[in-house]
Amino acid sequence: GDSVTQMEGPVTLSEEAFLTINCTYTATGYPSLFWYVQYPGEGLQLLLKATKADDKGSNKGFEATYRKETTSFHLEKGSVQVSDSAVYFCALPAYSGAGSYQLTFGKGTKLSVIP
Amino acid sequence: NAGVTQTPKFQVLKTGQSMTLQCAQDMNHEYMSWYRQDPGMGLRLIHYSVGAGITDQGEVPNGYNVSRSTTEDFPLRLLSAAPSQTSVYFCASRRSENTEAFFGQGTRLTVV
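Residue numbers (this note's numbering), protein chains in the order written: chain D, 1 to 115; chain W, 116 to 227.
What the hints contain is simulated information worked out from the structure, not anything from laboratory work.
Note that the Cβ used here is the ideal one computed from N, Cα and C, for glycine as well.
Possibly wrong hints are sitting among the right ones.
[Claimed, not checked] Only part of the chain W face toward chain D is listed, based on derived beta-carbon distances under 10 Å:
#1 A139
#2 N143
#3 H144
#4 Y146
#5 G157
#6 V165
#7 Y179
#8 C206
#9 E212
#10 E215
[To be verified] Here are the simulated lysine-lysine pairs, DSS-like style, with alpha carbons at most 27 Å apart:
#11 D:K68 <-> D:K49
#12 D:K49 <-> D:K60
#13 W:K124 <-> D:K110
#14 W:K124 <-> D:K107
#15 D:K77 <-> D:K110
#16 D:K107 <-> D:K52
From just these sequences and the hints, can you work out the full model?
What follows is the structure in structure tokens.
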């Protein structure tokens, strides 16, 4: 079935370092793809999304490009800050087997940025 | 802008007790879901609804019941709490199948 696989980490970076979190997907069609962020003690928030192949989603300096050829949606940021420390989830709508599509998530990647 | 509201934020239950986690959204979304989040497991879907009066099971439904009598509300019932249900629970809503979900702040449940 449809699914996402992301690198699990944890990832520790120094401030201003370059960030990549890998996410690959398996899907029968071309679903929208999402990155969510969860700050400590909070719920998940949408970070960015892409709705079709070659789309680039961007927000708060983060970017991800919907690559159909490599079935990937890697998250990148050129210069991370301490405030980016959080858990990041890749997600897509997966067929539930009961006539609908439900969001399915990767296992999350914990990012810690040190000054 | 309330979005998705979950109550309570924290709860401690004794094994065998029952309780209801409340979830309400004010965005008129048809799709609502309950997830549980456990360390190393990501988010796992418990139950979901695609509209008032329609619910279905997700990946880990055992021990939980849901109902959807209105568009706004989607409560999750624990029938007889077990320590394995210690987790953080999130409710989410979205407009349609291929759109983003909005999450509540979560309920941290401990079963002793």
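To see whether the hints hold, each was checked on the structure:
The closest approach between the C-beta of A139 (chain W) and any C-beta of chain D is roughly 14 Å, which is over the 10 Å cut-off, so the hint fails. For N143 (chain W), the shortest C-beta to C-beta distance to chain D is roughly 18 Å, which exceeds 10 Å, and the interface hint is violated. A least Cβ separation of about 13 Å between H144 (chain W) and chain D goes past the 10 Å threshold, and the interface hint is therefore violated. About 8 Å separates the beta-carbon of Y146 (chain W) from the nearest beta-carbon of chain D, less than 10 Å, and the hint is met.
Given hint, G157 (chain W) at the interface with chain D, holds; its Cβ is 4 Å from that chain's nearest Cβ, closer than 10 Å. Because the closest C-beta pair between V165 (chain W) and chain D is about 5 Å apart, less than 10 Å, the hint holds. Annotation: Y179 (chain W) was flagged as interfacial toward chain D, and the flag is violated, the nearest CB pair being 15 Å apart, outside 10 Å. For the restraint placing C206 (chain W) at the interface with chain D, the shortest Cβ-Cβ distance is roughly 9 Å, inside the 10 Å limit, so the hint holds.
The restraint placing E212 (chain W) at the interface with chain D holds, with a minimum CB-CB distance near 4 Å, inside the 10 Å limit. Hint status for E215 (chain W): holds, given a least beta-carbon distance of 5 Å to chain D, under 10 Å. Taking the CA atoms of K68 (chain D) and K49 (chain D), the gap is near 15 Å; set against the 27 Å cutoff, the hint holds. Only pairs whose Cα atoms come within 27 Å are accepted, and K49 (chain D) paired with K60 (chain D) is accepted, the gap being roughly 13 Å.
About 23 Å separates the Cα atoms of K124 (chain W) and K110 (chain D), which keeps this hinted pair within 27 Å; it holds. In summary, the hint linking K124 (chain W) to K107 (chain D) is supported, as the alpha carbons are separated by about 23 Å, within the 27 Å threshold. In summary, the hint linking K77 (chain D) to K110 (chain D) is supported, as the alpha carbons are separated by about 15 Å, within the 27 Å threshold. For the hint linking K107 (chain D) to K52 (chain D), the alpha-carbon distance of about 23 Å falls within 27 Å, and the restraint holds.
The structure fails to meet hints 1, 2, 3 and 7 from the earlier list, while all remaining hints are met.
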